[in-house]
Structures are given as structure tokens and as C-alpha cells.
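Position chains B, C and D against the provided structure of chain A, taking the given hints into account.
Sequence order for the protein chains is A, B, C and D.
Note that the numbering used here has the first sequence beginning at 5, numbered continuously upward.
Note that the numbering used here has the second sequence beginning at 5, numbered continuously upward.
Note that the numbering used here has the third sequence beginning at 75, numbered continuously upward.
Note that the numbering used here has the fourth sequence beginning at 75, numbered continuously upward.
Just so you know, the hints here were simulated from the structure itself, not pulled from any lab data.
Owing to the predicted nature of the structure, the values given are computational and were not obtained by experimental measurement.
Ideal Cβ positions, reconstructed from N, Cα and C, are used throughout, including at glycine.
Do not rely on the hints blindly, as some may be mistaken.
[Claimed, not checked] Okay, the calculated bits of chain C under chain B, using three or more residues with CB under 8 angstroms as the criterion:
#1 114 to 126
#2 193 to 200
[Said to hold, decoys possible] Residues of chain B clear of chain C, computed beta-carbon distances all greater than 10 angstroms:
#3 5
#4 27
#5 31
[Stated by the list, open to error] Partial chain C-side listing against chain D, Cβ under 7 angstroms, derived:
#6 88
#7 91
#8 98
#9 100
#10 105
#11 106
#12 107
#13 174
#14 182
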Amino acid sequence: MIVTIRYFAWLRERIGHAEERVDPPASITTIGALTDWLADLSPAHANAFAQRAVIKTAIDQQFVNADALIAGAHEIAFFPPFTGG
Amino acid sequence: MIVTIRYFAWLRERIGHAEERVDPPASITTIGALTDWLADLSPAHANAFAQRAVIKTAIDQQFVNADALIAGAHEIAFFPPFTGG
Amino acid sequence: MPIIRIQAEDFDVGAELARLEVGAGAVASFVGIVRAEAHGKRLTALTLEHYPGMTERAASAIADQAMMRWPLSDCTIIHRIGRLAPGARIVLAAAASAHRAAALEATAFLIDWLKTDAPFWKHETFTNGETAWVAPRTEDDQARSRWG
Amino acid sequence: MPIIRIQAEDFDVGAELARLEVGAGAVASFVGIVRAEAHGKRLTALTLEHYPGMTERAASAIADQAMMRWPLSDCTIIHRIGRLAPGARIVLAAAASAHRAAALEATAFLIDWLKTDAPFWKHETFTNGETAWVAPRTEDDQARSRWG
Numbered sequence: 005m006i007v008t009i010r011y012f013a014w015l016r017e018r019i020g021h022a023e024e025r026v027d028p029p030a031s032i033t034t035i036g037a038l039t040d041w042l043a044d045l046s047p048a049h050a051n052a053f054a055q056r057a058v059i060k061t062a063i064d065q066q067f068v069n070a071d072a073l074i075a076g077a078h079e080i081a082f083f084p085p086f087t088g089g
Numbered sequence: 005m006i007v008t009i010r011y012f013a014w015l016r017e018r019i020g021h022a023e024e025r026v027d028p029p030a031s032i033t034t035i036g037a038l039t040d041w042l043a044d045l046s047p048a049h050a051n052a053f054a055q056r057a058v059i060k061t062a063i064d065q066q067f068v069n070a071d072a073l074i075a076g077a078h079e080i081a082f083f084p085p086f087t088g089g
Numbered sequence: 075m076p077i078i079r080i081q082a083e084d085f086d087v088g089a090e091l092a093r094l095e096v097g098a099g100a101v102a103s104f105v106g107i108v109r110a111e112a113h114g115k116r117l118t119a120l121t122l123e124h125y126p127g128m129t130e131r132a133a134s135a136i137a138d139q140a141m142m143r144w145p146l147s148d149c150t151i152i153h154r155i156g157r158l159a160p161g162a163r164i165v166l167a168a169a170a171s172a173h174r175a176a177a178l179e180a181t182a183f184l185i186d187w188l189k190t191d192a193p194f195w196k197h198e199t200f201t202n203g204e205t206a207w208v209a210p211r212t213e214d215d216q217a218r219s220r221w222g
Numbered sequence: 075m076p077i078i079r080i081q082a083e084d085f086d087v088g089a090e091l092a093r094l095e096v097g098a099g100a101v102a103s104f105v106g107i108v109r110a111e112a113h114g115k116r117l118t119a120l121t122l123e124h125y126p127g128m129t130e131r132a133a134s135a136i137a138d139q140a141m142m143r144w145p146l147s148d149c150t151i152i153h154r155i156g157r158l159a160p161g162a163r164i165v166l167a168a169a170a171s172a173h174r175a176a177a178l179e180a181t182a183f184l185i186d187w188l189k190t191d192a193p194f195w196k197h198e199t200f201t202n203g204e205t206a207w208v209a210p211r212t213e214d215d216q217a218r219s220r221w222g
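Looking at chain A on its own, in the form it has when it is part of the complex (with noise of 0.2 angstroms):
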């Protein structure tokens, strides 16, 4: 299954771009298994995912959980807290 992946904020510059897309084994269902998945690609990604507990994510612009399903999702995004306002 391929998914484009989106980086923000400190996830997207430890990682060093915004964007890639990806094609993880049939076996990655979750969330919590795409993101052990994702920070294993590279040591920038294994960087950017060491603080995992206060990485967000949204699958398809949706808010989830790591127990979320990632069949269907068009795009993946991941991001620290937000601090708008």
C-alpha cells in the first residue's frame, strides 16, 4: 500500500523534508506499527520519532490514535502539539 507521508515542525527538519511517500509491508496495519515502521528508515527518522509520546498524527486530515487502521489512508501526516493563537 502506498501512502504519502507529511512531516511538520520538528518532525519535518530532523526528518529533512516535508513529504515522502512510502510502500510499508502488508504487515504495518496500524498506526503505532507504521510509526516503528517509519523510524527505522533512516537514523534522521529514528531522531525525529525518539520523543514518539508527544507526536500527533491525522490520517487523512483526521485526528488518530496509534491504534488507528491505516487501510484506505491516502495521506499520513505526523507533528508535535500544536502552538497556533
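Frame of chain A; chains B, C and D shown alone:
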């Protein structure tokens, strides 16, 4: 003691003018006594002061109660509760 | 220094808020507007009477209270007097601070106290020819007293 | 209909509030401004990153919540993105109602929720060359949660 009396809002309307110079007798020493004395000046005054419980008073632009002494006052104002903002 | 103005003329909300923005992190404001209706009747005009001198002093005292109670960089009170048509601005209360909570709370405080503690009286003229002095509202006293 | 705009350009506070004044009795607003300092260091710039699409949707949802919770005639959210200098406006949140309490409370709600529930991230550049991502503040979460 000659003093300027000022009326605002519906007190001014009922009395028919915004200001008058009065010379109450020396026996009138408090706002309460002055109010009684003013209420007797004319039927218009009596009508204006009929709702005495809601009328507020200021001596020289400072809020005062009915027992405040009027000695030395330049200007005494009577008005209904404020409705600004 | 708080700006306190009691005036017949309209005011420029954008310009007033821009003045407060300088050096602040947060500017909150409240604008009161003459409504088109009251008690189910259409208004022709709202006329504001005040007590020259005492009104300015009372508004200044309210602004000083706000400056003391919250860490404000500045605040503004502008209150119109005279005859105002429906849709006209009546009052601007605004506060600036480094922090948003201070700016927002101080603004609410300014307008709550202006309602009850500054010598203004509102008089309504209706399209049917009736007129009425606006009566004080219990809710306004309650809103005032929540600030202690 | 609430106006929701996420944009690089500055906005005209007076014009935005004038739009809300139509048919209202009370318009409250909040303007956030880039401060000159953070953590005792002088700022060169604050850069706002967002998530195009999701940010607009989140801001719309916050405005809808405000419209549901208070009897508002309308509200406005404008949030800037990109690189902003100290003193620049960042955000406008404003609400209009017949009643002042509704306008003031809804404005506080809008800005509280914008801080925590809309995908924006702030990045600071200091005059000494340092940079930092702004960390979320516990106070902001507390401010959000007071609205239930």
C-alpha cells in the same frame, strides 16, 4: 447657603430644567433633608423625587449617601442609576 | 497611559486598537452598538446623556482599576454621547497586555464597570413615537459584582 | 456565516470588526501580536507553519462550536502564516452577538481553542542566531479545558 443643584435623565425631564440655584435654610444640613426640601419646591419636584429610593446623589461629583453633610458643597447632583456602556 | 474619551463623534476602532498593539502581545476589545430594537419595538434613536467632568473621572477610575488588577501595557475607553442611530457604535473598551487572559479579562471588566459605575443615561426613541429611559438591569449589577 | 482565513498577508482589524457590527449589539475581539522577546532573548522573526486544508477545517470547526455554544450573529477567525516580524499581527478572533457576555466569552473560547486545536506550529528566530520551536504550554491546555 447658595448651592447649584443638577438633575439628570428622567429627574431633569420631570423637573423641567437641568440646573437651579437654591438657598435652603440653615436647618437643612444633610442630603436627606435637602431632598425633602427640594421635593416640596413644586409639584414637578414632588413628582421627580417620588421614587426617592432609586435616586443617587453626588456632591461636587463624588457619590454620597443620604446622611452626607452638604456644608461647603458647590454642586449637588441628583440622578437615576447609570445605564451606560 | 489609558486613553479616556467621552465624545459625540464616532471613533476609528482599527486606529485605536493599532495604538494598543505597540509593545503588546495581546489586544482585546469590546464595541457596543445601538440595536435596532428594544422591547420588541423598533428604535429611531438612542440618546446618551452624561455628567460632564464626573463621567470622565469615573471612566478614568475604571481604567486605573483595570491597570492595577491586570498586568496591562495600556487600555482605552471611548464612550459616545448624544443622539445615536441604530447600528452606530456607542462604546469601545480595549486592553493590551503581554498575555491574552489579562487582555480579555480586563476588557470584560472595563465594559462591566462602565455599565454600572460611570454617569451615563440612555434614552430610547421608538419609531411609534414612544420614548423611554433605559432601566438598569439586575444582570449588569451581577456582572459588575463578579469582579469583587 | 463565519469568516475563516489562513493567510500570509496582514488584515484590517477595523474592517473586519465593522463587518461583524452589522445587526449586532456587541462585538468582541482578540488580536495576537508577535512579541519582541521570548525567554529573555530578542526575536528577529516568528514563523508560522500550518497544515493546508486541515488548518482551515479545524478553524471552521472551532468557529462552528462557538456559534453553537453562544447566541452569536457571526464570528471571524483570521490567522497568519509564514515569517512575521516582532509587532506584526498574528491572529484575529472576533465574535458578534446581541449581548456582551456572549461576544466576550465566545472570543475567549475562539482564541483558547485556536491555540490547542488548530494545526499551527510556531518557530522562533532570535537576534543571537538561535532558533527554537515554540513548546506547547500547560496553561494553554488548561485554558482550553475550562470550556468543557
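Structure versus earlier hints - violations, ascending order: Of the numbered hints, all hold.
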